[in-house]
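Can you build the whole structure from these sequences, using the hints too?
Which chain is which? The protein sequence lines are A and B, in order.
My numbering applies: residue 1 is where the first sequence begins, and numbers increase by one.
My numbering applies: residue 195 is where the second sequence begins, and numbers increase by one.
For the record, the hints were derived by calculation from the structure and aren't laboratory data.
Any given hint might turn out to be false.
[What the hints assert, rightly or not] Subject to a maximum C-alpha distance of 25 Å in a straight line, what follows is the list of computed SDA-like cross-link-like pairs (lysine to any residue): (1) A:Lys-187 - B:Lys-220; (2) B:Lys-243 - A:Ile-142; (3) B:Lys-279 - A:Asp-146; (4) B:Lys-220 - A:Lys-57; (5) B:Lys-220 - A:Ala-162; (6) B:Lys-285 - A:Gly-43; (7) B:Lys-279 - A:Lys-187; (8) A:Lys-57 - B:Gly-240; (9) B:Lys-279 - A:Gly-127; (10) B:Lys-220 - B:Asp-271; (11) B:Lys-220 - A:Ser-143; (12) B:Lys-243 - A:Ser-129.
So the chains spell out like this:
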Amino acid sequence: MNKQAQGSGTLINLRNSETEFGLVALVMHWLMAMLIVGLFGLGLWMVELDYYSEWYKTGPDIHRGFGVIVLFLLLFRLAFRLWNPPPIQEASLRRWEGISAVIMHWTLYLGIFVVIVSGYLISTADGRSVAVFNWFEIPATISSVDNQEDIFGSIHFYVATALLVLSGLHTAAAFKHHFIAKDGTLKRILGLPG
Amino acid sequence: MRKLFTLIVLLGTSSVWAADYVVDTKGAHASIDFRFRHLNISWLTGEFKDFDGTISYDEADPGASRVEVNIRTASIDSNNAERDKHMRGEKFLNTSEFPHAHFVSTRVESTGDGKATIHGNLTLHGVTKEVAINASLTGAGDDPWGGYRIGFEGTITINTLDFGMKMPPSSMVEMSLYLEGVRR
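And the structure:
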């Protein structure tokens, strides 16, 4: 992979190199970050809406649609990651920092997966499918668990909250690397030259 | 001795009249349905799937009858999981805090012809109110399996605001109870 031509100047490769993230990884990271934070806010907001609000139906429709899209993005991202691993960690990272970063990344992936699947199991608890806008529908699979919508409703809320807290720690760690350790960890996920 | 025997027979006979019945929820020969207006356009219907009840019914003196029904509020089912979850939530039934709704009759006013007004206390959402159920006897008789059964239906309209719930899009909920009791 190090034989691969490095982007000259500001041009960014699609693939990751040993030192830089490629465009695919950068777009996946930031697109999913925006969608997930947006879905979290939308989710908290929509459940408090008044029945007569014009968003009462559209809010959840958007939430379900983008939720399914994030699942597809996650699956694509993981497949891409297997084929094209991320750059090696900054040399300045201590051993425990490197290990905890890897644990954090995989915990976030797992958290995203659990939140989306639990959300899907709420909406499909009565056997109805989940509509992704007017585009396509995901059919129900498991819909016979007792109190399914309540059980997975709790899982959805608590794991989503935990996911946001972990994302906060992940962000705090990036800032710590940038402002305190002054290494290139934050710059490289922004696609900026180290 | 003979007098005592007669007394026992008489007591035994009278207890046949004032018999205790268990609502046959096990065989699902009972249901508690509800409906309310949706946007003043149509009816939204649903049911409570998990409840139990007892009926004490005296054919000779229907006014001495007694009814008790206990509903697990989380068993609400309107055939839409997301709506059911919503109705179980804190703003409405709040089923985690108030897992049971309970009705116990205080006075049965027989209006003749197998009809009665059943006055009693309904506890819902932690609030107890006096309510009246319009009830009628739908039938009674031996079943093919050696038991004896009676059937009742009852209707009641409640205002959820009276019980501290603002249940959009309508606060008036009509409930129908169809109860088949098996004699103990």
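Against the structure, the hints come out as follows:
Of the supplied pair hints, the one linking A:Lys-187 and B:Lys-220 is violated, its CA atoms being roughly 66 Å apart against a limit of 25 Å. For the hint linking B:Lys-243 to A:Ile-142, the alpha-carbon distance of about 21 Å falls within 25 Å, and the restraint holds. Taken as a hint, the B:Lys-279 and A:Asp-146 pair is honoured in the structure, with Cα atoms around 12 Å apart against an allowance of 25 Å. Of the pairs offered as hints, the one joining B:Lys-220 and A:Lys-57 is violated, with about 38 Å between alpha carbons and a cut-off of 25 Å exceeded.
Note on B:Lys-220 and A:Ala-162: the hinted pairing is violated, with a Cα-Cα distance of about 42 Å set against a maximum of 25 Å. Between B:Lys-285 and A:Gly-43, the direct Cα distance comes to roughly 17 Å. Compliance with the 25 Å bound is thereby established for this hinted pair. For a cut-off of 25 Å, the pair hint linking B:Lys-279 to A:Lys-187 is broken: about 44 Å separates their Cα positions. With a CA separation close to 21 Å, the supplied pair A:Lys-57 and B:Gly-240 stays within the 25 Å bound.
Taking the CA atoms of B:Lys-279 and A:Gly-127, the gap is near 15 Å; set against the 25 Å cutoff, the hint holds. At most 25 Å may separate the alpha-carbon atoms for a hinted pair to count; B:Lys-220 and B:Asp-271 meet this at roughly 18 Å. Annotation: proposed proximity of B:Lys-220 to A:Ser-143 holds, straight-line Cα distance about 23 Å (limit 25 Å). At roughly 24 Å between alpha-carbon atoms, B:Lys-243 and A:Ser-129 fall within 25 Å of each other, so this suggested pair holds.
Violated hints, listed in ascending order, are 1, 4, 5 and 7; each of the other numbered hints is respected by the structure.
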